[in-house]
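Trainee: For reference, the chains in residue letters:
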Amino acid sequence: MSTGTRVAGQSLPRIDAPGKVTGSAVYAADFALPGMLYGKVFRSAEPHARLVRIDTARASAMPGVRAVITAADAADVRYGAAVKDEPVFAPDVVRYVGQPLAAVAAVTLEAAEAALAAIEAVYEPRPPVLDLAAALAPGAPLVHERWRAYTAIPILQRDGNVCNRARIVVGDVERGWVEADHVFEHRFTTAMVHQGYTEPRAAVAAWDSSGQVTVWSNTQLPFDVQATLADILAIAPSKVRIIVPGVGGGFGGKLRIGVEHFAALLARKSGRPVKVMTTSEEELTAAYPRQGTVIELKTGVTRDGRLTARQGRIYFDTGAFAGSGPGVASVATMVLAGPYRTPNLHLEGYAVYTNKTNCGSYRAPSGPQANFAVESQMDIIADALGIDPLELRLRNIVHEGDEGPTGQVLTAVGLEECLRRAADAIGWADRRPAPGRGKGLAIGWWTTTGGSSGVYVKINPDGSVTLNTGAVEIGTAALTGAAQVLAEELGVDLADITVISGDTASTPFDFGAQGSRTAFAVGNACRAAAAELQRKLFELAAAHLKTTEDALALRDKHVVGPGGRVSLAELARQSQVSGGGMIAHGTFIAPGTAYDTKRVEGHVYPAFHSPSFHAHAVDLSVDAETGEVTIHKYVVAQDVGFALNPIYIEGQIEGGVAQGLGQTLSEEIVYRDGRVLNANLTDYKMPTTLDVPRVESILVEHPGRVGPFGAKGVGEPPNVEPPAAVANAIAAAVGTRITSLPITAEKIVLAHSRDAAGGTH
Amino acid sequence: MAKIAITLTINGEPHEALIEPDRTLLDVLRTDLGLTGTKTNCLDAECGVCTVLIDGLAVNACLYLAVVAQGRAITTIEGLASSGDGRALAGALHPLQEAFVEHGAVQCGYCIPGMILSAKAYLDDHPRPTEAQVREALAGNLCRCTGYQKIVDAVLAAASRMASSAVAS
Numbered sequence: 001m002s003t004g005t006r007v008a009g010q011s012l013p014r015i016d017a018p019g020k021v022t023g024s025a026v027y028a029a030d031f032a033l034p035g036m037l038y039g040k041v042f043r044s045a046e047p048h049a050r051l052v053r054i055d056t057a058r059a060s061a062m063p064g065v066r067a068v069i070t071a072a073d074a075a076d077v078r079y080g081a082a083v084k085d086e087p088v089f090a091p092d093v094v095r096y097v098g099q100p101l102a103a104v105a106a107v108t109l110e111a112a113e114a115a116l117a118a119i120e121a122v123y124e125p126r127p128p129v130l131d132l133a134a135a136l137a138p139g140a141p142l143v144h145e146r147w148r149a150y151t152a153i154p155i156l157q158r159d160g161n162v163c164n165r166a167r168i169v170v171g172d173v174e175r176g177w178v179e180a181d182h183v184f185e186h187r188f189t190t191a192m193v194h195q196g197y198t199e200p201r202a203a204v205a206a207w208d209s210s211g212q213v214t215v216w217s218n219t220q221l222p223f224d225v226q227a228t229l230a231d232i233l234a235i236a237p238s239k240v241r242i243i244v245p246g247v248g249g250g251f252g253g254k255l256r257i258g259v260e261h262f263a264a265l266l267a268r269k270s271g272r273p274v275k276v277m278t279t280s281e282e283e284l285t286a287a288y289p290r291q292g293t294v295i296e297l298k299t300g301v302t303r304d305g306r307l308t309a310r311q312g313r314i315y316f317d318t319g320a321f322a323g324s325g326p327g328v329a330s331v332a333t334m335v336l337a338g339p340y341r342t343p344n345l346h347l348e349g350y351a352v353y354t355n356k357t358n359c360g361s362y363r364a365p366s367g368p369q370a371n372f373a374v375e376s377q378m379d380i381i382a383d384a385l386g387i388d389p390l391e392l393r394l395r396n397i398v399h400e401g402d403e404g405p406t407g408q409v410l411t412a413v414g415l416e417e418c419l420r421r422a423a424d425a426i427g428w429a430d431r432r433p434a435p436g437r438g439k440g441l442a443i444g445w446w447t448t449t450g451g452s453s454g455v456y457v458k459i460n461p462d463g464s465v466t467l468n469t470g471a472v473e474i475g476t477a478a479l480t481g482a483a484q485v486l487a488e489e490l491g492v493d494l495a496d497i498t499v500i501s502g503d504t505a506s507t508p509f510d511f512g513a514q515g516s517r518t519a520f521a522v523g524n525a526c527r528a529a530a531a532e533l534q535r536k537l538f539e540l541a542a543a544h545l546k547t548t549e550d551a552l553a554l555r556d557k558h559v560v561g562p563g564g565r566v567s568l569a570e571l572a573r574q575s576q577v578s579g580g581g582m583i584a585h586g587t588f589i590a591p592g593t594a595y596d597t598k599r600v601e602g603h604v605y606p607a608f609h610s611p612s613f614h615a616h617a618v619d620l621s622v623d624a625e626t627g628e629v630t631i632h633k634y635v636v637a638q639d640v641g642f643a644l645n646p647i648y649i650e651g652q653i654e655g656g657v658a659q660g661l662g663q664t665l666s667e668e669i670v671y672r673d674g675r676v677l678n679a680n681l682t683d684y685k686m687p688t689t690l691d692v693p694r695v696e697s698i699l700v701e702h703p704g705r706v707g708p709f710g711a712k713g714v715g716e717p718p719n720v721e722p723p724a725a726v727a728n729a730i731a732a733a734v735g736t737r738i739t740s741l742p743i744t745a746e747k748i749v750l751a752h753s754r755d756a757a758g759g760t761h
Numbered sequence: 001m002a003k004i005a006i007t008l009t010i011n012g013e014p015h016e017a018l019i020e021p022d023r024t025l026l027d028v029l030r031t032d033l034g035l036t037g038t039k040t041n042c043l044d045a046e047c048g049v050c051t052v053l054i055d056g057l058a059v060n061a062c063l064y065l066a067v068v069a070q071g072r073a074i075t076t077i078e079g080l081a082s083s084g085d086g087r088a089l090a091g092a093l094h095p096l097q098e099a100f101v102e103h104g105a106v107q108c109g110y111c112i113p114g115m116i117l118s119a120k121a122y123l124d125d126h127p128r129p130t131e132a133q134v135r136e137a138l139a140g141n142l143c144r145c146t147g148y149q150k151i152v153d154a155v156l157a158a159a160s161r162m163a164s165s166a167v168a169s
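Read top to bottom, the protein sequences are chains A and B.
Here the numbering used here is used: the first residue of the first sequence is 1, the next is one more, and so on.
Here the numbering used here is used: the first residue of the second sequence is 1, the next is one more, and so on.
Just so you know, the hints here were simulated from the structure itself, not pulled from any lab data.
Built from N, CA and C at the ideal position, the CB exists for glycine as well.
A hint or two may mislead.
[Unchecked claim] Which stretches of chain A does chain B cover? Using the computed rule of at least three CB atoms under 8 Å from a CB of chain B, they are: (1) 22 to 35; (2) 188 to 200; (3) 490 to 499; (4) 657 to 671; (5) 687 to 700.
Construct the complete structure from the given sequences, taking the supplied hints into account.
Mentor: Spelled out as structure tokens, the structure:
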């Protein structure tokens with residue numbers, strides 16, 4: 001896999017593995033302080049109502065209760081990444097079942113739960129907005145009557161229940177329809193799904209006598225939570241210290257403030273440390289799941305299979321607050337374009353308020369939904385034109401130097417190689433090998449999110465190296481990857497490196513564990529730090545070895561010169577005597593990607609930085625009687641640029657596919673009348689060992705220009721294509737096209753029987 | 001509820017606790033005894049992160065009363081390397097732990113203690129399992145990171161290592 005590197009590119013065990021297999025690794029959920037209280041949140045029972053009053057007197061008087069707080073105890077602050085519309089506790093209007101109204105802290109969890117049961121809320125129900133159609137209907141009730149008063153990113157296109165409409169316009173789709181021989185129009189829907197991390201969201205907060213609050217949390221973005229919490233507490237950010245001990249999975253669900261504010265407010269009120277941790281019910285009713293969507297897609301194509309135009313609208317049911325919706329709606333338009341050359345585009349993403357839980361970011365936000373529509377329709381078009389789906393894609397995919405939808409110039413495009421290799425690996429030539437058995441393909445592209453990263457790197461007097469980063473390890477092994485880059489550049493071994501991470505008081509800033517960026521950005525910051533360390537080491541070594549700096553090299557944990565060598569340990573010791581230690585600050589900010597600003601509107605993500613390209617291929621059977629899907633083979637070919645640690649990239653692919661298959665086949669947060677019907681892990685069905693097939697990973701390497709050794713972001717992409725790949729294979733197997741997720745066995749059987757009866761669906 | 005004194009034998013050591021009789025083993029392990037290697041999540045025996053061994057059987061500690069565990073041998077992840085097999089040295093890893101590290105089977109790691117203990121309980125009775133048997137044995141342990149493939153590979157590799165070392169001794 002690697003040529004010319006010793007550490008980067010090797011499948012080395014992750015540095016935090018021993019602690020994780022022995023149980024000694026401490027996660028936020030494990031964290032405790034002496035004298036700690038347990039906090040619980042009282043939540044709305046109504047989807048939309050005026051909160052007439054909330055009575056906490058009985059709860060406050062119960063044994064063991066040390067604090068009860070409501071909106072009256074929190075500053076009148078609204079927060080949110082794109083639109084500041086969410087209060088800590090609903091002050092007057094409640095907007096979803098599960099919205100926080102109050103919180104209690106007590107000496108035991110049982111006492112806190114008992115106190116919750118003693119809180120009484122009186123509501124005056126209002127007509128709820130239960131789904132996208134209701135929210136977008138003329139004269140629909142407004143989820144936020146005073147939406148105009150909220151602070152928002154200025155470029156957002158907001159209007160009533162729409163908290164952003166992002167748009168890409170290229171050429172003229174009307175001309176494209178004229179040039180087309182056929183125009184295809186389809187509608188797709190996808191369900192709300194949860195990230196499914198196994199560690200609940202958890203936070204322990206404690207105040208000290210200087211007025212600083214320290215919160216041990218499992219957030220993916222400690223610096224973002226620090227800023228939000230400072231706003232909520234109305235104190236300076238430097239008075240808020242966020243420390244991330246360990247994170248038991250996040251997948252985007254732990255980006256934004258989760259329970260940290262409840263812990264901090266309860267700790268302030270009670271004068272004791274407070275721990276708050278969510279239950280499965282809270283996760284499935286009041287977290288940050290992936291938005292359900294409705295997608296309308298219209299595509300024009302010539303009879304020989306050239307795309308002439310595409311018009312797409314994707315509507316995100318983003319729930320009671322904007323959450324990640326405005327950004328996700330923007331990213332979606334990039335995905336709707338697909339990795340295809342289409343001269344005329346009119347693509348819109350709408351983030352829409354409803355009276356449901358606030359949706360957020362989930363691994364490749366918008367990717368699986370938009371890709372499901374695009375890649376399902378490509379197969380429908382291929383079959384209608386009598387062109388092989390692989391061939392149709394090959395005639396339209398982007399290549400090196402092509403333009404992306406907003407005019408960015410695409411480089412390091414490994415898409416054709418991915419597509420051909422995935423198709424070959426699945427035996428594409430025989431697409432329908434037996435009755436009830438079929439194969440499907442889906443391709444896509446994704447971004448490597450930018451943002452800045454800083455690291456402090458210290459060489460210790462024993463020659464070991466400490467990497468201090470504001471990023472956090474959420475499980476992907478991204479910080480092992482970054483450490484491999486550092487080891488490579490410094491000429492040391494991975495085993496020499498210790499990582500300190502995720503503490504807003506003592507680690508340098510990092511944009512956080514999001515957007516497939518951690519190994520990419522922290523790795524590059526490590527390269528910068530290594531270059532600075534080399535300069536300092538050479539300066540000392542030149543004097544020591546009585547030579548000039550340009551005659552020196554870093555090799556095998558030594559600085560080597562013409563007349564001898566000196567160890568890094570010795571130079572670190574010398575530096576402690578003469579210069580305060582051998583330390584460097586490395587930074588990285590991804591360079592901007594040029595695009596055509598005239599093509600976009602309301603768009604907060606107008607270019608895909610260091611984009612990756614990928615193809616998924618699946619071979620499966622469908623049981624004609626039961627509709628049950630059995631996957632025989634699943635192949636992913638992903639252009640990773642450079643595989644920093646192949647075994648963990650395979651792990652990202654295998655895990656991303658497993659999550660994707662859950663969203664495709666079984667997972668759905670089911671709402672009825674504004675209430676979740678399946679808020680437990682018995683009825684919210686995530687894949688087990690018996691549901692996930694073996695996945696074959698093909699790591700394609702077209703090195704990018706920015707990432708360390710050419711690496712591109714790898715974490716999110718494997719989650720993008722599973723719905724479309726599986727839907728296409730099911731259609732090939734049984735001739736029935738399912739256009740809504742999840743594709744349950746029941747749905748297949750019902751649709752198949754309707755098809756057999758000559759109906760449509 | 002009146003508290004009662006109990007003694008639990010955990011990883012070969014006696015531990016005393018004064019608890020209400022309706023407390024779960026999971027809660028007592030984590031809250032009273034500070035043994036947080038056993039993880040908490042759904043509290044409904046669906047996810048398996050709380051798996052421990054009781055007299056060698058894998059159980060969900062979230063639905064197991066602590067009082068019932070008295071007089072039984074409780075093994076948690078903290079005791080795995082030194083419990084059983086009679087071969088691990090202090091600080092050394094159990095073959096399952098070694099295999100999980102070597103095969104890239106660990107990502108966020110939160111499910112891993114339960115996963116390893118479920119695997120140990122199964123391998124103790126079925127030293128030469130097939131892949132299908134391993135998948136069946138681990139079906140009660142949810143992992144959201146790995147897609148299970150490298151976990152299954154690690155368990156098969158550990159089984160093979162443990163079986164060959166049993167033959168050798």
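Trainee: Now look at each hint and say whether the structure bears it out.
Mentor: Do the hints match the structure? See the list:
Here the segment 22 to 35 of chain A counts 9 residues with a CB under 8 Å from a CB of chain B, which clears the bar of 3, and the coverage holds. Remark: the segment 188 to 200 of chain A is confirmed as covered by chain B, as 6 of its residues place a Cβ nearer than 8 Å to a Cβ of that chain, reaching the required three. Counting residues of the segment 490 to 499 of chain A whose C-beta sits closer than 8 Å to any C-beta of chain B gives 0, which falls short of three, so the coverage hint is violated. Note: the segment 657 to 671 of chain A has 3 residues with beta-carbon separation from chain B under 8 Å; the three-residue rule is met and the coverage holds.
As drawn, the segment 687 to 700 of chain A meets chain B at 6 residues by the rule of a beta-carbon pair under 8 Å; at three or more, the given contact holds.
Checked against the numbered hints listed earlier, the structure breaks hint 3 alone; every other hint is satisfied.
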